[in-house]
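Trainee: Construct the entire structure; sequences and hints are all you get.
Chains A and B, in that order, are what the protein sequence lines are.
Going by this note's numbering, the letters in the first sequence line up with residues 1 to 262, in that order.
Going by this note's numbering, the letters in the second sequence line up with residues 1 to 344, in that order.
Everything hinted at is true.
If you anchor each label on the Cβ, the simulated ranges turn out as follows: (1) ASN219/A with VAL280/B: 38 to 44 angstroms; (2) GLU145/B with ARG2/A: 53 to 59 angstroms; (3) ALA237/A with SER120/B: 43 to 49 angstroms; (4) HIS340/B with GLY6/A: 41 to 47 angstroms; (5) GLN239/A with ASP123/B: 48 to 54 angstroms; (6) LEU262/B with ALA245/A: 47 to 53 angstroms; (7) HIS214/B with ASP98/A: 55 to 61 angstroms; (8) GLY91/B with ASN219/A: 37 to 43 angstroms; (9) GLU121/B with ALA237/A: 40 to 46 angstroms; (10) PHE47/B with GLY6/A: 55 to 61 angstroms.
These are calculated hints, taken from the structure and not from any lab test.
No residue lacks a Cβ here, since even glycine has one placed at the ideal position from N, Cα and C.
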Amino acid sequence: MRAFYGFEPKNRLFLGTARYPSPAILADAVKRSGVEVVTASLRREAGQDKAGEGGAGQAFWALIRELGVRVLPNTAGCHTVKEAVTTAHMAREVFGTDWIKLEVIGEDDTLQPDVVGLIEAARILSDDGFQVFPYTTEDIVVGGRLLDAGCEVLMPWGAPIGSGRGLNNVYGLRTMRQHFPDIPLVVDAGIGLPSHAAQAMELGYDAILLNTAVAKAGNPALMAQAFAKAIEAGCEAWQAQPIEARDMAAPSTPVMGKAFLS
Amino acid sequence: MAHSSIDPSRNRPLHVGIVGAGVVGLACAVELLGRGATVEIHERGAFAGERACSWHAGGMLAPWCEGESAEEPVIRLGQEAAGWWERHVAGVVRKGTLVLAPSRDRSELRSFGSRTTRFSELDGEGIAALEPDLAGRFAKGLFFEDEAHLDPRAALSRLAEKVLALGGRIHFGSEAAADDLAGDAVLDCRGLAARDALPDLRGVKGEMLLLRSHDIALSRPVRLLHPRIPLYVVPRADGLFMVGATMIESGDRSRISARSMLELLGAAYALHPAFGEAEVVEIGVDARPAFPDNLPRLTRRGRVILVNGLYRHGFLLSPAMARMAADAVLVPACIPEMLHDAAA
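Mentor: Here is the structure:
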């Protein structure tokens, strides 16, 4: 499978770390699902990190680091290029990684990415040595521009963040997969159920990034495990080369030679 | 069950030192005094609650609502709270909790209902019957009739008075540490300040506002659900309303952020536009002490027991934690539910 800036996780679920009932439950979800990559939002939780003695958010960062998995910091909640770039630099300092999930929000009701700002921020950060994971739409022209800007991964949305609607535009996502056959693609946002995640993997996507569907489930750890299984199943289904759907029945047992007089 | 607090070998009441006069320290003192021990509290602040995060609490005694995200012990132990507070201070209001959501976030109400118990569903008329000023504003709500609330600042000072009335002593402005205190046992109830002794304790920042408006009246706490930030408005006396509270993974206690201010005011305004004209009386910021599971703990280290990690449940869980702390001190063989013995 395609690697993410040289990193090839066995587990293709990327899990967000926000809004769990407790850090202990988050740790349990990470453990039970076996995820190898978690995302963490710097913007909200850091607060006035710089001002505090030793950093006011340090306790939470320590908990995230103790999960023992790779951290993909994100710029969630940033609305401008400048905010996103500043947040990315803070993230590099806090987590010691060049990875950054780049989010530049353009519209508050749908939390839809501002793709113009996204491309600009991606270029600035890539030039600065960041390895950018852009949260984008399924627009292939925008995808191409993001690659031009230095991105080596694309993360189109399934549906608006937190909506749990699944894949709103299957056609668009399939087109994107066909258009960028060598680029690792991640469905990021909008996933509600493991079946949504499996569907995206069956389209040939390389990973699924989600947060709310697990964090706000009644039993987050169990739901994380369910997602990991669904994603593994979808991934194997893609590798196994699924059959094409057809209009008419095709008998699975040959009819020819069957004793019809009995 | 009545356990004697007389140490039979010395034939005198057990003496317990307490560090911290926040809600936990005071509740432990009252519980111990009520069971015959003598108590002396050392508090670095100038009065009860001055430097405690309980000063900024909502004062909701809402175990069933908290069950939406909190674990089972919070729901069960929290049910002791309303009765305990009624026995010890005046001013507990038993009028339930109202949970509402704007129409576009109706699914939040369904999911809240699916994670909680002991409520009834209300339509617009039902909401108006409980809170006439909210008539016509919300079409659906949940009513947790058995819940209660109190004014936390009044409750803290009444609890401090009760400590004195029961013969306890409180030393304000004292920097004494747990190990400095005399006594058969010492309770360390310093909240987040005990991070030096409890390395996995962390701060969860909370921001709140006090608003004053005479254009609207509410009789009970109202929770307004929102996908990201569920907020609440709690009525207090004299037209005051507490609007709280954010939950941010940070130990910062210094300032509110502009975004939090917007969210808090936005919630109040969404509940009723009259809050747009309200006076902002106070902005409060503090950090709640929490362990990784967000559940409270008693941690025993020799004669010192640390009572900590009450997180956003200070008023809700202090009664149960005080009962357990008193058991741990007074009943030699007792191992209370939330006790974690420190590794040797």
